[in-house]
Each structure stands twice: as C-alpha cells, then as structure tokens.
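> Chain by chain, the residues run as shown.
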Amino acid sequence: MNRIDHLFKNKTGEILSIYITAGYPGLNDTSALIKSLARHGADMIEIGIPFSDPLADGPVIQKSSQVALGNGMSLRLLFNQLEEIRHVVDIPLVMMGYLNPVLKMGMETFLENCQSIGIDGVIIPDLPPREYASLYREQFQSFGIYHPLLITPHTEVERIDWIAGLSTGFIYLVADSATTGSKSSLGPHQLEYFQRIQKMNLSIPSLIGFGISNHETFSAACGFAHGAIIGSAFINAIGQEQRETLDNRVAQFIKGIKVEE
Amino acid sequence: MGFEIDKGGNYGEFGGAYIPEMLYPNIRELEENYVKITTSEQFKNEFSKLLKDYAGRPTPLFKAERLSAHFGMNIYLKREDLNHTGAHKINNTIGQILVARHLGKKRIIAETGAGQHGVATATVCALHGMHCIVYMGALDVERQAPNVKKMKMLGAEVVPVHSGNKTLKDATNEAIRDWINHPVETHYIIGSVVGPHPYPDMVTRFQSVISEEIKVQLSEKTGRDYPDYLVACVGGGSNAAGAYFHYLEDERVKLISAEAAGMGVNSGMTAATSLLGTTGIIHGSKTLLMQDGDGQIVEPYSISAGLDYPGVGPLHAWLAKTGRASVYAATDDEALQAALLCTRMEGIIPALESAHAIAILDRIPAGREETVVVNLSGRGDKDMETYIDKLGL
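Protein sequence lines, in the order shown, are assigned to chains A and B.
Using the working numbering, the first residue of the first sequence is number 1, and each one after it goes up by one.
Using the working numbering, the first residue of the second sequence is number 1, and each one after it goes up by one.
Some clues are possibly wrong.
[Stated by the list, open to error] Far from chain A, by Cβ distances over 12 Å, these chain B residues were calculated:
id	residue
1	I27
2	N33
3	Q42
4	H84
5	H102
6	K106
7	P146
8	I180
9	G264
10	I281
11	K286
12	P310
[To be verified] 27 Å max Cα-Cα, derived DSS-like pairs, lysine-lysine:
id	chain 1	residue 1	chain 2	residue 2
13	B	K166	B	K390
14	B	K63	B	K221
15	B	K215	B	K254
16	B	K36	B	K149
17	B	K215	B	K166
18	B	K52	B	K63
19	B	K7	B	K105
20	A	K63	B	K63
21	B	K52	A	K104
22	B	K321	A	K104
23	B	K390	B	K149
24	A	K104	B	K49
[Unchecked claim] Computed footprint of chain B on chain A; a stretch qualifies when at least three of its residues, placed anywhere within it, have a C-beta under 8 Å from a C-beta of chain B:
id	stretch
25	16–23
26	42–53
27	68–78
28	102–114
29	121–132
30	146–155
To be clear, the hints were calculated from the coordinates, so they are not data collected in a lab.
Owing to the predicted nature of the structure, the values given are computational and were not obtained by experimental measurement.
Even for Gly, the Cβ is constructed at its ideal location relative to N, Cα and C.
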C-alpha cells in the first residue's frame, strides 16, 4: 500500500505536512531535516526541488530555492542524498518541484529514481492536469507514484470533480489565489471555499496549503480538510539565525503548530 | 508545413500553457475570448484607428540606398522605429489594452527589460485611464533610467524586482506572481511572443500588421509583394513574428533571425538562445531555452537589454527547429559597429536590438538583384549612452 493511503487510512484528521526546500538551509541538511520532522510529529513531508524560476512561490521559498541552488543542490544530488532515507523514515515523502528540472532528467528516469528511493508522490504545479492525463499518468501508475493535483478558490465545480478524479493520494486545496507564503491568515472567503469543497464530499482526501502558518490557521484548516500543509512559515523558522540546533528548531515549530500557545 | 498554432496552442513540439492551477482561470478566460474579441468588427475598427492615428502607422518602408550599395543587395528598412514610443512594442500594447477593456479588466500589469515595453504599456494605460504596474529588474531600473522616468511621468508604478538576477526573466516571474495574486481584475500585458498560450499567438496577431504593410509597400516599390530575404532580430521575438507572419507559409521568402551573441556564442556570455538552447519550459511555454544540465535556467547576456532573454517565443523555436528560419548571431561589437554604419550611411540611429539585424547582413548570401527587408524594430534614443560610451564618440 502506498504510504499516503496508509496515512489517510490510519489518521482521519489533523494531518500535518511540512514542505522543505532540498539543500536548505545547508546543502546536507535535507536528510537530517526529514528525520527530525518525522521524529517530532510531522505526518508527511514535501521535499521541494529547488528551481531557478519558481513562478508560484513567494519571497520565502524563492529565497530558500536560490540559497539551495547556490549551495549546489541538484535533482541528481538530492536522489543521492535520499538513497538511504527509507532505512530511517516511514512517513510518506512527496517530491514537489517545477516541470523543467524533471523534464531535463526525463520523466521516466525521474519516476524510476523516486520509486527506488521510496518516494510516494510527486507534485508538479506547472504540469497541466490535461497533459499529465494524456502523457504521464500511466508512467506514474506503473512506478506506483501518486500525483496529487491542485485546486483553488477559482476552480469551477466541474473541473474540481475532474481534477479529484485524476488526483492520486490526496487533493491539494490551495487556500487562496496567491503565491506561497503571501497570506498569513484565512479570511471568510477561504472558509466559505473550504466549506464548499467539504460539502462536495470528494472521494479523495484533501489537504489545505498556502497561508497555513501557525496553530490558529492549521486548526482552522483542519476543520474542513484532513489536514494542512505548511511551507513558508517552516522555511522561515529554520532559516533564522539561531543558536539552537536544527533539530530543536524543528521540534519547537511543530509543537507551536500542534499546541495552542 | 504549418506554422499556425494547433488547438492546444502548440507550434509543432513547442508552446502550450504550462501554468499552475492558480492561473488556469485567467488563461482560460483569455484563451476563450481573444479570437472572438480580436476578430470582431468593433475591435478591428478600434485597433486600426489607434494604429493609424495614435501610433502613426503605416510605418514607412525605406529603400536604404547606401547600405544597399555597401552590402551589394537591395535593402529596405521597415521603419518600426518611427512608431509612437519608438518601437514596434506599441502595436501589441494597443491590441492588448483593447482586449483588457473588452474583458472588463481594471488593472494592468507588465514586465519590462529595457523599458520599451514598459513605456508602451504605460502609454496605452494613460490613454485609457487604466491603473498600470510595471515590473522591472532592479538592475535594469538602474541601467535604463530614462525609460523609468517616462513610465513614472505616464503615471505607471514601476516596481523594481530584486529576486533572481534582477533582470527581464525575473521581472516576468514577478509579473506572473502578481497575476496569481490578483486573478480577477487584472490583465497581464506580456511584451513578447512568449508565455503561455494564448499569448504567443495573440501577440503575433497584433504584430502581424508589420508584414501586412510590408506586402503592400513592397508591391508598390518593386512590383512584387514579397522579398527574397526577411531579416529581424529575435529576443523573445515579437518584432520578428510580426515581420514574418504573412510570409510564414511562403517558402520563396527566406526568413533570417538575428540573435544576440553577446561576447560570442561560445563565450558563456550570450543570449543566442536558438543556437544554444535546448527544449524546456520557461514562463509557461515549452520552447528552446538556455539551461544547465540540471534544468536550471541560465541567465543570458547581451549588451542589448531587449535581446537579453534566456528563452525564445515558441514560434521561433519551431521556425529554427524546422529550418524555416535561419538563425545567425551577432556579437555586442558587431551590433555596435552596425548601429554606427546605419547611422552614418542612412542617418538613422537604430536601437541596439535592431542593430543586430543589420550586423548579420554581410553573412546573407543575397545577390545584387535580390530584395532584403530588414525590420528596424526600434530607434536608438534609449541606447545613446551606450553608443557614446562604447563607440568612443
């Protein structure tokens, strides 16, 4: 069973998925961060593949991507770093990245690498669902890699149904029409949209992302979906110059999300 | 071979719309409406009226006698430099502002490199009383101060972009991000035949007035409505797309694209995208682009800010790949010398971009009797500081 299915089967709510940028803050921090996140209670991890031109990302992830690339991160190196990751971590791991670096490696090679490491899903925000369906869906299936797709407050009902049918693992509810990290609260429009999606009773689990940054927004999102995804707020928290170790920063961040302060 | 887009917005293996879901409604709204709007009688009347009375079209086709003698071929310059705001860019912004109005948009965003497209956008926004925000790389804001001032006087807000390498590529990223964050009331006036479908096709249609006029003017002047060679510079490729459009299927016309070699095609400091690029995705379009082995986009270099783009419009990628267009690259120095040559022989100071098209004329195997049309895409006012400095004037 795909670990993502396993997760949603065993845990029906309050699922916390954390986004990290591979190669950030340090080139060799990726595996340690994943271990640390799993140990301190993250339920799933999205491993961001840094790209020179991250169109859908706000300043925080832009910067972490730039730092990671400056550190020397590449898709090939990332796969090398993660070779042993399944010896130490059981939770679902999802790769998230833009299409160009993936196509440069070749979709087949990329998926093959994902499979051999034990990656459970791949999110590619700029791969149009229609192109995924016509060109890549079978490849994803044959390697057993899930492909969660995104919907937004402006996605029309028919398209939501179609995207939910095409998505595997879960559906990613983008909380607002925004780049990542640009909003830090959830307004009435978002809550109305979450409610609307909740009422659709989609056959696939849902996670809310974009604009989830603290205990309050995480709890609010969990009221409407199986859980939520945090990216920019976490990148910010571990990027700050601090005396504490990376592991301590991770522990504090996750505690802050799960427990009301 | 066809050079029109297919249903998915592809030119052969290039094009498409590789956009995150957040942009899907914006792009679909445009895709569903642009043909309907731009082919309506009302639009065509408004568009041609503004091109004539506001931009100053038709621009002349000028027989450059001394350059003809110099290069040993019959050279005609299509004077896009005589357009209002100094380049072909206004053809596109007039078309797009009308589309934006038909769609009921209130807010206009644009990206700009050298500032020509920014000025052309700010200009039509002033004309229509629309709110205008122009994203410009922080480095370009410094390098292109006169155009920044023009945009400000025209009432546009110029936002310096500090992400990435702080140039055109990053300004385009930032404009796209703005559009993601303001999806409903905003229209993005992209400045070239780049970006996700339907932009490459829409911008090509607006610029196609160039080749429409060349046909008529050439017929009057030579008794034949087509040249043997048609030469244009290509950064993103909008002036070239417009100059080529009505000749794309006419194999009698040899299409010649001039790219910026910068310090030299193999110097590592270049913008010769069609020559060096490989297939990839940039700004929502599959095209030829300069990237490294890991699929990271490489920053290009050219003395000309208008050619300093790591990709090329998908139409041009297809023209290069199929061999329909021949691509030559001119270095910074060659372009500078060509600008001086054109100035001293014809009394026309060309934009640095356009100078690249003149710089490759000596490599074209045109005979004495043959007709060569060069699209002189813009004038050199904005480049005076560079010319004075680099040419030691």
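> Hint by hint, note whether the structure agrees.
Consistency of the hints with the structure:
| no. | hint | in the structure |
| --- | --- | --- |
| 1 | I27 | 10 Å, violated |
| 2 | N33 | 16 Å, holds |
| 3 | Q42 | 28 Å, holds |
| 4 | H84 | 32 Å, holds |
| 5 | H102 | 20 Å, holds |
| 6 | K106 | 16 Å, holds |
| 7 | P146 | 28 Å, holds |
| 8 | I180 | 5 Å, violated |
| 9 | G264 | 23 Å, holds |
| 10 | I281 | 5 Å, violated |
| 11 | K286 | 9 Å, violated |
| 12 | P310 | 9 Å, violated |
| 13 | B/K166 - B/K390 | 23 Å, holds |
| 14 | B/K63 - B/K221 | 9 Å, holds |
| 15 | B/K215 - B/K254 | 15 Å, holds |
| 16 | B/K36 - B/K149 | 36 Å, violated |
| 17 | B/K215 - B/K166 | 40 Å, violated |
| 18 | B/K52 - B/K63 | 22 Å, holds |
| 19 | B/K7 - B/K105 | 26 Å, holds |
| 20 | A/K63 - B/K63 | 52 Å, violated |
| 21 | B/K52 - A/K104 | 46 Å, violated |
| 22 | B/K321 - A/K104 | 18 Å, holds |
| 23 | B/K390 - B/K149 | 23 Å, holds |
| 24 | A/K104 - B/K49 | 46 Å, violated |
| 25 | 16–23 | violated (count 0) |
| 26 | 42–53 | holds (count 3) |
| 27 | 68–78 | holds (count 4) |
| 28 | 102–114 | holds (count 4) |
| 29 | 121–132 | holds (count 6) |
| 30 | 146–155 | holds (count 6) |
Figure legend: structure checked against the earlier numbered hints; hints not met, in rising order: 1, 8, 10, 11, 12, 16, 17, 20, 21, 24, 25.
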